[in-house]
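K.L.:
The chain contents come next:
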Amino acid sequence: MALIECNNLSLGYEGKPIVTGLGFEVNEGDYLCIIGENGSGKSTLMKALLGHKCVISGEITFDNSIDRKEIGYLPQQTVIQKDFPASVREIVLSGCLNGCGFKPFYSASQKKTATETMKKLGIDDLANRCYRELSGGQQQRVLLARALCATKKLLILDEPVAGLDPIVTQNLYSLIKEINQNGITVIMVSHDMNAALEHASHILHIGHTPLFFGKKEDYLKSDICKIFSVQGGDAL
Amino acid sequence: MIQTLSYYLGFTFVQYALIAGLLISLCASLLGVTLVLKRYSMIGDALSHVAFGAMAIAAVCSFAPMAVTLPVTVIAAIVLLGVNSNSKIKGDAAIAMISVGALATGYLLMNVFSVSTNISGDVCTTLFGSTSILTLTKSDIILCTALAVVVILVFILFYNKIFAVTFDEGFAGATGTNTRLYNNIIAVVTAVVIVLAMNLVGALLVSALIIFPALTAMRVFKSFFSVIIGAAVISVGCSLIGLLVAIIYGTPVGSTIVVTDIAAFAVFSIIGKIKG
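Here the protein sequences line up with chains E and G, keeping their order.
In this text, residue positions in the first sequence follow the numbering used here: the first is 1, and each later residue adds one.
In this text, residue positions in the second sequence follow the numbering used here: the first is 1, and each later residue adds one.
In short, the hints are calculated from the structure, not lab data.
Cβ coordinates follow ideal geometry from the N, Cα and C atoms, glycine included.
Treat the hints with care, as some may be off.
Here are the simulated lysine to aspartate or glutamate pairs, EDC-like style, with alpha carbons at most 16 Å apart [what the hints assert, rightly or not]:
hint: 1; chain 1: G; residue 1: LYS273; chain 2: E; residue 2: GLU133
hint: 2; chain 1: E; residue 1: LYS215; chain 2: E; residue 2: GLU25
hint: 3; chain 1: E; residue 1: LYS177; chain 2: E; residue 2: GLU198
hint: 4; chain 1: E; residue 1: LYS153; chain 2: E; residue 2: ASP30
hint: 5; chain 1: G; residue 1: LYS222; chain 2: E; residue 2: ASP83
hint: 6; chain 1: G; residue 1: LYS222; chain 2: E; residue 2: GLU133
hint: 7; chain 1: G; residue 1: LYS38; chain 2: G; residue 2: ASP122
hint: 8; chain 1: E; residue 1: LYS47; chain 2: G; residue 2: GLU169
hint: 9; chain 1: E; residue 1: LYS82; chain 2: E; residue 2: GLU133
hint: 10; chain 1: E; residue 1: LYS69; chain 2: G; residue 2: ASP140
hint: 11; chain 1: G; residue 1: LYS275; chain 2: E; residue 2: GLU133
hint: 12; chain 1: E; residue 1: LYS82; chain 2: G; residue 2: GLU169
hint: 13; chain 1: G; residue 1: LYS38; chain 2: E; residue 2: ASP83
hint: 14; chain 1: E; residue 1: LYS153; chain 2: E; residue 2: GLU28
hint: 15; chain 1: E; residue 1: LYS216; chain 2: E; residue 2: GLU25
hint: 16; chain 1: E; residue 1: LYS152; chain 2: E; residue 2: GLU28
hint: 17; chain 1: E; residue 1: LYS152; chain 2: E; residue 2: GLU178
hint: 18; chain 1: E; residue 1: LYS215; chain 2: E; residue 2: ASP30
What follows is a list of derived Cβ distance ranges for each label pair [unchecked claim]:
hint: 19; chain 1: E; residue 1: GLY39; chain 2: G; residue 2: GLY121; range: 56 to 66 Å
hint: 20; chain 1: G; residue 1: ILE142; chain 2: E; residue 2: GLY122; range: 52 to 62 Å
hint: 21; chain 1: E; residue 1: SER107; chain 2: G; residue 2: VAL60; range: 48 to 58 Å
hint: 22; chain 1: E; residue 1: LYS16; chain 2: G; residue 2: GLY121; range: 50 to 60 Å
hint: 23; chain 1: E; residue 1: SER107; chain 2: G; residue 2: GLY121; range: 51 to 61 Å
hint: 24; chain 1: E; residue 1: ILE80; chain 2: G; residue 2: VAL150; range: 25 to 35 Å
hint: 25; chain 1: E; residue 1: LYS215; chain 2: G; residue 2: GLY272; range: 48 to 58 Å
If you want the footprint, here are the derived chain E segments under chain G, 3+ residues with CB under 8 Å [what the hints assert, rightly or not]:
hint: 26; region: 80-87
hint: 27; region: 96-109
Let's have the full structure, built from the sequences with the hints guiding it.
P.N.:
So, in structure tokens, the structure goes:
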């Protein structure tokens, strides 16, 4: 069975649909990129996947092997975080919180997971640094490490490269690709069509209704891809 | 000076008052870090005004002040924090409205249905705290101490959850933390701290006790844990100095503590600048 399956899904707020007729599935090891214009319902879909109440009709079915609590999520940065006094270690460790339940403190194995994840992402030397003093790329790595602490299966990324310069963006994309190749399923919401086409295995292109869902190779041959590419992929 | 001090410190109720005062400052500073970082400083301020209004009602109906102020402030806290997370209602306007509304109603009630001969004295005490901590009654102090201990325990037990909800509510919620529950815990604890701190520094100065230690610690410290510990130490230290000065020189307790807090803020700002 697929990890996530949606059939004829309608999403919206207060009964007003934003996107209708969504149907797609995500299998283990996939790298799905959700693309579409502003207001097309990308973020709404992502919120629905994360368990917010915005499903109007239809259903999102998760495979039994995945716990809804065990989704790693990389949100967009909030204003609060910009001057937040917290060390990198504290933030990464907070990704382990979903494994705590009612226990008030982190276990030794959770602390070890956090340390190992920081090493994997090359931020272990920053562990005691203050988050607000890091560069944008380093901050994203910290948040990515936190997301990886929260999951062993599925990572959902919301515009992970927003506001980063081209080199840092490339590094972050290859890091995400590497994580995906290590067996973690990735769902990424993005404006960046070129990157989506370069890295993803599947594309979901939405604009109030799904315009396309399928493998990247098929997407490249589709009309919708050609139309949007002519208009300039980045402008999406 | 030392003679005056040891004379006063000889009384057990002065010792109790000191202990209660320091515990309250400790609670306020712990919570203050979260409130400041969540941009909820003004909510603390509004809640203290609500507590003032509730206290006026209690005085008019001659109920025990705590029995009225505590539940009213807790409800107001849950409502205000709820309003703030709903982006459709402009949070700051609602806060300002409740804040001045409660203040005006409270003063009006105290004036019209006056039960004492010295209205302005009563109002002044409620707003700026007792002129002396020595006028706190023993039952006040016992209740304060008990509640303060509960607040500190809640904070320690939920420390990691409070950090997660403060730093990134979206992530915490998505990964299965019950953000609503913890926000409500923060709201209730905030209300309790404000009602407690009102006894010490008065309704208008409560937010100072909450905000100053947190901001002072943030000038210098760079991790959440060190900010919390720093704020706690700064708060207790400033309150101790403020209380002792107030006892020796007979100055109003609340404003003396707050002025000490301001001084600490100035010193730490300079240290923060120098350290870069």
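K.L.:
It remains to establish, for every hint, whether it holds in the given structure.
P.N.:
Results of checking the hints against the structure:
1. LYS273(G) to GLU133(E): holds (15 Å)
2. LYS215(E) to GLU25(E): Since the Cα atoms of LYS215(E) and GLU25(E) sit roughly 11 Å apart, the hinted pair holds (cutoff 16 Å).
3. LYS177(E) to GLU198(E): The given pair, whose Cα atoms are some 10 Å apart, holds under the 16 Å limit.
4. LYS153(E) to ASP30(E): holds (11 Å)
5. LYS222(G) to ASP83(E): Holds, because 10 Å separates the two Cα atoms, which is no more than 16 Å.
6. LYS222(G) to GLU133(E): Holds, because 9 Å separates the two Cα atoms, which is no more than 16 Å.
7. LYS38(G) to ASP122(G): violated (34 Å)
8. LYS47(E) to GLU169(G): Holds - the C-alpha atoms of GLU169(G) and LYS47(E) are around 13 Å apart, at most 16 Å.
9. LYS82(E) to GLU133(E): holds (9 Å)
10. LYS69(E) to ASP140(G): Roughly 44 Å between the alpha carbons, so the hint for LYS69(E) and ASP140(G) is violated.
11. LYS275(G) to GLU133(E): The hint holds at about 14 Å.
12. LYS82(E) to GLU169(G): Cα-Cα ~14 Å, so holds.
13. LYS38(G) to ASP83(E): Judged against 16 Å, a Cα distance of about 11 Å means the pair holds.
14. LYS153(E) to GLU28(E): Distance ~8 Å between LYS153(E) and GLU28(E) Cα, so the pair holds.
15. LYS216(E) to GLU25(E): At roughly 14 Å apart (the allowed maximum being 16 Å), GLU25(E) and LYS216(E) satisfy the hint.
16. LYS152(E) to GLU28(E): Satisfied, since the Cα-Cα distance of roughly 11 Å is no more than 16 Å.
17. LYS152(E) to GLU178(E): Judged against 16 Å, a Cα distance of about 14 Å means the pair holds.
18. LYS215(E) to ASP30(E): Holds: LYS215(E) and ASP30(E) sit about 10 Å apart, inside 16 Å.
19. GLY39(E) to GLY121(G): 56 to 66 Å: For GLY121(G) against GLY39(E), whose Cβ atoms are near 60 Å apart, the range 56 to 66 Å holds.
20. ILE142(G) to GLY122(E): 52 to 62 Å: holds (55 Å)
21. SER107(E) to VAL60(G): 48 to 58 Å: The hinted range 48 to 58 Å holds for SER107(E) and VAL60(G), with Cβ atoms some 53 Å apart.
22. LYS16(E) to GLY121(G): 50 to 60 Å: holds (57 Å)
23. SER107(E) to GLY121(G): 51 to 61 Å: holds (56 Å)
24. ILE80(E) to VAL150(G): 25 to 35 Å: holds (28 Å)
25. LYS215(E) to GLY272(G): 48 to 58 Å: holds (54 Å)
26. 80-87: holds (count 6)
27. 96-109: holds (count 6)
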